[in-house]
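**Q** Residue numbers (our numbering), protein chains in the order written: chain A, 2 to 216; chain B, 2 to 216; chain C, 2 to 216; chain D, 2 to 216; chain E, 2 to 216; chain F, 2 to 216; chain G, 2 to 216; chain H, 2 to 216.
None of these hints come from the bench; they were simulated from the model. Beta carbons: idealized from backbone N, C-alpha and C, even for Gly. You can take every hint at face value.
A few chain A positions that, by computed beta-carbon distances, are all more than 10 angstroms from chain F: (1) Gly33; (2) Ala46; (3) Ser47; (4) Leu49; (5) Glu53; (6) Leu54; (7) Arg132; (8) Ala155; (9) Ala214.
Quick list of in silico lysine to aspartate or glutamate cross-link-like pairs, EDC-like style, CA-CA up to 20 angstroms: (10) F:Lys15 - H:Glu41; (11) E:Lys15 - G:Asp114; (12) G:Lys15 - B:Asp114; (13) D:Lys15 - A:Asp114; (14) D:Lys15 - A:Glu41; (15) C:Lys15 - E:Glu41; (16) G:Lys15 - G:Glu53; (17) A:Lys15 - F:Asp114; (18) F:Lys15 - H:Asp114; (19) E:Lys15 - E:Glu62.
Number of protein chains: 8
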Amino acid sequence: RRQGLPEIVYGPGKTSEEIAAIVTSLLAGCEGPVLVSRVEADVAASVLGSPELVSGRDQGEYDAGARLLVWRPRPAGTVSLTVVSAGTSDGPVAREAAGVARAIGLDVTEHADLGVAGIHRILGRAEEISRADLVIVVAGMEGALASVVGGLVAVPVIAVPTSTGYGAAFEGVTALLAMLSSCAAGVTVVGIDNGLGAALAAHRLATTLDRRASR
Amino acid sequence: RRQGLPEIVYGPGKTSEEIAAIVTSLLAGCEGPVLVSRVEADVAASVLGSPELVSGRDQGEYDAGARLLVWRPRPAGTVSLTVVSAGTSDGPVAREAAGVARAIGLDVTEHADLGVAGIHRILGRAEEISRADLVIVVAGMEGALASVVGGLVAVPVIAVPTSTGYGAAFEGVTALLAMLSSCAAGVTVVGIDNGLGAALAAHRLATTLDRRASR
Amino acid sequence: RRQGLPEIVYGPGKTSEEIAAIVTSLLAGCEGPVLVSRVEADVAASVLGSPELVSGRDQGEYDAGARLLVWRPRPAGTVSLTVVSAGTSDGPVAREAAGVARAIGLDVTEHADLGVAGIHRILGRAEEISRADLVIVVAGMEGALASVVGGLVAVPVIAVPTSTGYGAAFEGVTALLAMLSSCAAGVTVVGIDNGLGAALAAHRLATTLDRRASR
Amino acid sequence: RRQGLPEIVYGPGKTSEEIAAIVTSLLAGCEGPVLVSRVEADVAASVLGSPELVSGRDQGEYDAGARLLVWRPRPAGTVSLTVVSAGTSDGPVAREAAGVARAIGLDVTEHADLGVAGIHRILGRAEEISRADLVIVVAGMEGALASVVGGLVAVPVIAVPTSTGYGAAFEGVTALLAMLSSCAAGVTVVGIDNGLGAALAAHRLATTLDRRASR
Amino acid sequence: RRQGLPEIVYGPGKTSEEIAAIVTSLLAGCEGPVLVSRVEADVAASVLGSPELVSGRDQGEYDAGARLLVWRPRPAGTVSLTVVSAGTSDGPVAREAAGVARAIGLDVTEHADLGVAGIHRILGRAEEISRADLVIVVAGMEGALASVVGGLVAVPVIAVPTSTGYGAAFEGVTALLAMLSSCAAGVTVVGIDNGLGAALAAHRLATTLDRRASR
Amino acid sequence: RRQGLPEIVYGPGKTSEEIAAIVTSLLAGCEGPVLVSRVEADVAASVLGSPELVSGRDQGEYDAGARLLVWRPRPAGTVSLTVVSAGTSDGPVAREAAGVARAIGLDVTEHADLGVAGIHRILGRAEEISRADLVIVVAGMEGALASVVGGLVAVPVIAVPTSTGYGAAFEGVTALLAMLSSCAAGVTVVGIDNGLGAALAAHRLATTLDRRASR
Amino acid sequence: RRQGLPEIVYGPGKTSEEIAAIVTSLLAGCEGPVLVSRVEADVAASVLGSPELVSGRDQGEYDAGARLLVWRPRPAGTVSLTVVSAGTSDGPVAREAAGVARAIGLDVTEHADLGVAGIHRILGRAEEISRADLVIVVAGMEGALASVVGGLVAVPVIAVPTSTGYGAAFEGVTALLAMLSSCAAGVTVVGIDNGLGAALAAHRLATTLDRRASR
Amino acid sequence: RRQGLPEIVYGPGKTSEEIAAIVTSLLAGCEGPVLVSRVEADVAASVLGSPELVSGRDQGEYDAGARLLVWRPRPAGTVSLTVVSAGTSDGPVAREAAGVARAIGLDVTEHADLGVAGIHRILGRAEEISRADLVIVVAGMEGALASVVGGLVAVPVIAVPTSTGYGAAFEGVTALLAMLSSCAAGVTVVGIDNGLGAALAAHRLATTLDRRASR
Ligand SMILES: Nc1ncnc2c1ncn2[C@@H]1O[C@H](COP(=O)(O)O)[C@@H](O)[C@H]1O
Ligand SMILES: Nc1ncnc2c1ncn2[C@@H]1O[C@H](COP(=O)(O)O)[C@@H](O)[C@H]1O
Ligand SMILES: Nc1ncnc2c1ncn2[C@@H]1O[C@H](COP(=O)(O)O)[C@@H](O)[C@H]1O
Ligand SMILES: Nc1ncnc2c1ncn2[C@@H]1O[C@H](COP(=O)(O)O)[C@@H](O)[C@H]1O
Ligand SMILES: [Mg+2]
Ligand SMILES: [Mg+2]
Ligand SMILES: [Mg+2]
Ligand SMILES: [Mg+2]
Ligand SMILES: [Mg+2]
Ligand SMILES: [Mg+2]
Ligand SMILES: [Mg+2]
Ligand SMILES: [Mg+2]
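This is chain A alone, in the form it adopts within the complex:
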């Protein structure tokens, strides 16, 4: 049975030594997955190669697309999540959401490059998308993808505005406001670029599903 929220260390501003020390202590002090987010490749290599972790029981893995270090990932369970993203620059945030969700045991499918200016590509995926237990939509610019997807599926839609875009995108504020104002009712929103937050919201939902299944 799923338990509480996983341990997630925020990488930025920490040295690889500090990260290694925190991870070592978390691996010892608790069960379940341990993650470090927003880690660049070189820092990741140096964390993974640190003596205390190399000699440890659990070996970590680096997911470069998601900029994520993962120890003790959960195997994929029965809760299915689809992560949909709009443009290529939304990729890192989408992959962070997908990577975290996967590490904590969701069954994740990803659909990238579904900008609303090419509505037919989205429609071609509609049926597949709507089969998931819940959907995370990642989009910058005007964030319209959340409304379109929200209108196509009946399951929970968690929208993640990204800070990509120019002109009047204002570092994600435009997408954030647009998603909060979505004409597709029942869409919920997390903070700008907060792929991790969306994955943890998915985890909360999986907790409920698991709890009900186990009754």
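Position chains B, C, D, E, F, G and H with the ligands relative to chain A; hints supplied.
**A** Chains B, C, D, E, F, G and H with the ligands alone, transformed into the frame defined by chain A:
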């Protein structure tokens, strides 16, 4: 089995005649609940008393606290929702969320007046709250209740900022930003005063739960 | 051949006497259409019934949906304009755009209620919409309709954000920013609720088309 | 006959290898112009010198002023565009608009350094400017040039606010708001520094003009 | 010789009795002009008819256009001020500036309806305007008039943004920012709708001029 | 008896030579503590090693956590201050507040890592915290800690918003607004990251306490 | 000895019946002062005249200037508070602060009309002001009074921005930001118009003073 | 007699070669002062040493404090200007204002470090300051100095907000808004850090003074 989103008419800016006509046509054209939101008592009375509706098969009910007109409510299903609110002025939004959720078949419990300045009252309810399948948190001012509840329960938390407050509450913008920045990870947010949106997000979750149960 | 911009009086804040006097003088002092915008029905009746205008050569007409008074409308020319709008509350702005455009000689078609949450309704109209010489898109909330239509047609798209919506619509600011950030390239934008501005932008385009045709 | 929107790759954040690969595949997969925007001189040289492109059928050109790489530009057609800009720091955005428009077949004229504080210089060009089929106005600071030009010409005016300026220019927000509030009716606006967007709006207009001409 | 700042009572939020009392005491306690600003016609009549003022030595006058009550105006001196305004809705603010300036002894000329979309009307007045010792420019919408006038005259230009406009005028904020960012160097700005502030800035200048003349 | 505000030099933007010179002159010209804030370790070393200071009567100390240089600290008096902070990234601001307060003679206790998502950790410290004469609360993100602590203690609470956080934390603006809107009445606030300001507010309070004690 | 925070009912949005019922229950359920804030005169009269309160043991009083209803005020203790305000329109907020503080047992002195444009009036009161245990400064417009007073006294200064002012006062936001940025270090701030919050902050200080005195 | 505005080149973003070329051409093409603003020391040296300028008739000077290059400065005339600034970090902006004003012939006096938290220092200079023909006030943080000086002198006061400060200074926005809302009537404002703009406003005033003197 639960189907799509319910029909919900937005009351403000419509005359009772217009509302009665729309409702009549929705009752004829589809199955399931029909709701009208943000209706004052006098308009409600006049809608309920309109000839076409009085003579119809389905009789409507007015929920004054939620400012909601409801026809053909669904019976309470097995999905449980708790609606928690902070101050008395958050009441109307909390009751809208609860009223809509109830009308579309969720099993709703309400906890009011749980401001974070009186943290012990919240803690006294923590166990009860955490038993629900999901939680809606309604709060204005600094919206801190979402963070506290998000830290206490492992299930989905949907936060609704309200436009109440003064000083620097800026019509709900402060609560909105605070909830989006919640240190309790995985909390998701809807627009200011959008009790209805939160209830529909709950409906989306119930759709997934029902769908899995029926497999 | 089309000439300059038409005479348009801004109604709000003027008495019916003042409006009648201005219109009388404009009818005498120039050729072509004379319009008064944002006029309520009672003021319109009183302007149309004023002695100086009743006895004049040109009789005015009131377009209630567009809240527009029109004298000497141009006959529909060959330039075709489609006005697309998202929700019922975007109606008045869409009708102002359509009404002004029609009065100054464009051949106008209107499509209402094409919210992006129901993407299939939009697609059903796509071919028809793309036949126009240009398209005006009127939408509030998150203004996503401009992106979807911008992706469907190759002709000029002028987006008008409206002040409708709640939650985080911020009186049209959200739709304005979203439209300026549209991922559908080449969409241009006018101010909030500025149906008139969009119609005059259409007039500018018609001027170019006419000028080229008459060469 | 003009077809759809051209292929435009956004340069920033891509390596010259990535750009070369994308361009190679676009040149193979579609007809018509292929552009890469916002490319610095060194990256451009390295893209143009990459083996796959050197050996290709279509040779690219670099427009340093517009920071643009262009393959298969269209020859100038009959649609005339004038690009007017206010200060020297608006130059790059104006040249991007002009460069893109030229590459996709518009007949482009440029007028630089027409700040409104020297109104007589603008007036000296007024007749020439008003001969174009449409005008793009590029200005930062208070963006007043859009209003002045909008008052001088009857054809479409597309305003591009730039992020230049200091004091209270707020990275282009002041110019953006000013252009959206222009007292010269029918002016439309694109996002801050979005010269490309303005050029594509011009392309949309040219599409309509060509389509009518070809009937 | 000119002395300090005149006594000016801010009318809004005060009863006619309160105003009459304050004015009576100011007339007794100091020399020079006494003004009350932003007074509606009925309040003005009732202040002027109050027993204590009717029986006083100095009789007040009401300037309806400027919404100003004036006692003991100074005769026009040698310092000349021109007040230029853009649209009809900028009128009240322009007249407040002119009315206050006149009451405190400046030699005031007014030019209304000089919107920048009709640049030739402004140019026709340029020589006359530039003869003044200083110029106040009153404009709403995009406030471009300040830049144009600032470029035409070498004397001090004080810009007053007004709260008129729609679309993206944001209650005068757009005009305020635009004026602060004016490309015409050396233009200074006062708060939104602050005609009074501009007149007092003019008074400060007149103080310096008088002081130097009297040396 | 406590006297006026201490001398505090703002380090950023000053060379170590400039700092050494200012400190030397302050040590000579006044009595009591002399502090330099926001000094990095290398600059600090170089200031402390500068000839004029090495040869001086008073030797300085560097507090790396607080980024503070201190000469002539006051001994701890009887006024007790507790500094409470939410997350690890709030640490530097909390330590600046604590460091300054300690240097000017308050009796300081620190409690770190008391985020509201873990409410039980806060409650475990409640009694200890409430024993202080006043409390400084340092928090970023949604700043909810100020409300929770404000509800737990009856003594003065000074809230310091920090610029930490992401998503919608907007560089501390969200925490600032939330703290100003705290539902725990009587909480006061200083600027973003202004640990020093909070410490000086504590100093003001200590001044009153000392003054009364010495009567 | 002082105990916790007093009971304060927020009047707006409540009927006189609701207020009377709440007050009756508070008077019965606790000891110490009971206050109702922001009550207009007619509502106050009707509350005071309600049967349950008329027949009660404790008789209430209405303080019209402070818009405050008070039952069981505490006698003035030894803690002295000075409330300083800038303009006449800051009066109601200053009187709310003073009224609440007085009702809960502080020894309150008020100084009104101390705008910084007349710096000599402030200086004339400086000595008297600095004798208080703490000072509340109430100011709108640019809120400069907080900085001046903060520079004149060594005791705690709590600044209350008010929503008065025009031009660029933005409903108190300008004063709020200015006070938070005060160059007089150690000044703390409460929300816009929050006289009550300032009084309760004073109460917190008095709690500490009393607690220390009683040791 | 003074003529038009001086030639001022904005340095940032230009190479020393570009600056040298522009200056050479301006020196040849017009009479009167030529200035380059915001030039760092090394660029300045390289401009001054460029062959075309070294061999020219007029030799330039670099004013490091004002970051200004000056050719053909005007001798000091009879118009006196006082530049007052608040903190040390306001220095560069104040010196830019003073440097430009001096170069174009004003008789400039500077008073630095007059923060309002030390009101007595300002008062000690009041008489001297008020002797000038006009005053420029440069201040960041809460910008209160403009109000205090505005209340002390009767002559024109031009306020320059600076981007210095922290906490809630928001890069000068707080000071800008505060100065626009100054309770000292008749103060006018230029953009953030715009010392140059203030100097040119002073030049406009000098133009009027000279023009009147020469009649
Ligand atoms: N990429 C991320 N985005 C948002 N929050 C994160 C991220 N990574 C970690 N966190 C959160 O940051 C906190 C850990 O911070 P720290 O203790 O500094 O490692 C936990 O609350 C995590 O849930
Ligand atoms: N409904 C409207 N929306 C926007 N602008 C308008 C509207 N009606 C009139 N105007 C503009 O307002 C100006 C006329 O204002 P007025 O002189 O006050 O009648 C003209 O520039 C019109 O183009
Ligand atoms: N300079 C530019 N300004 C704005 N949009 C651009 C620019 N260059 C390319 N784009 C758009 O960016 C998208 C291509 O992004 P990408 O796939 O990352 O190359 C297309 O939609 C282009 O229309
Ligand atoms: N870390 C800090 N945060 C906020 N204000 C500071 C800080 N350090 C010094 N100050 C203030 O900055 C001013 C000194 O600035 P300066 O004269 O530039 O050293 C004094 O008013 C100090 O109270
Ligand atoms: Mg998108
Ligand atoms: Mg709350
Ligand atoms: Mg919409
Ligand atoms: Mg410009
Ligand atoms: Mg204007
Ligand atoms: Mg926090
Ligand atoms: Mg004030
Ligand atoms: Mg200052």
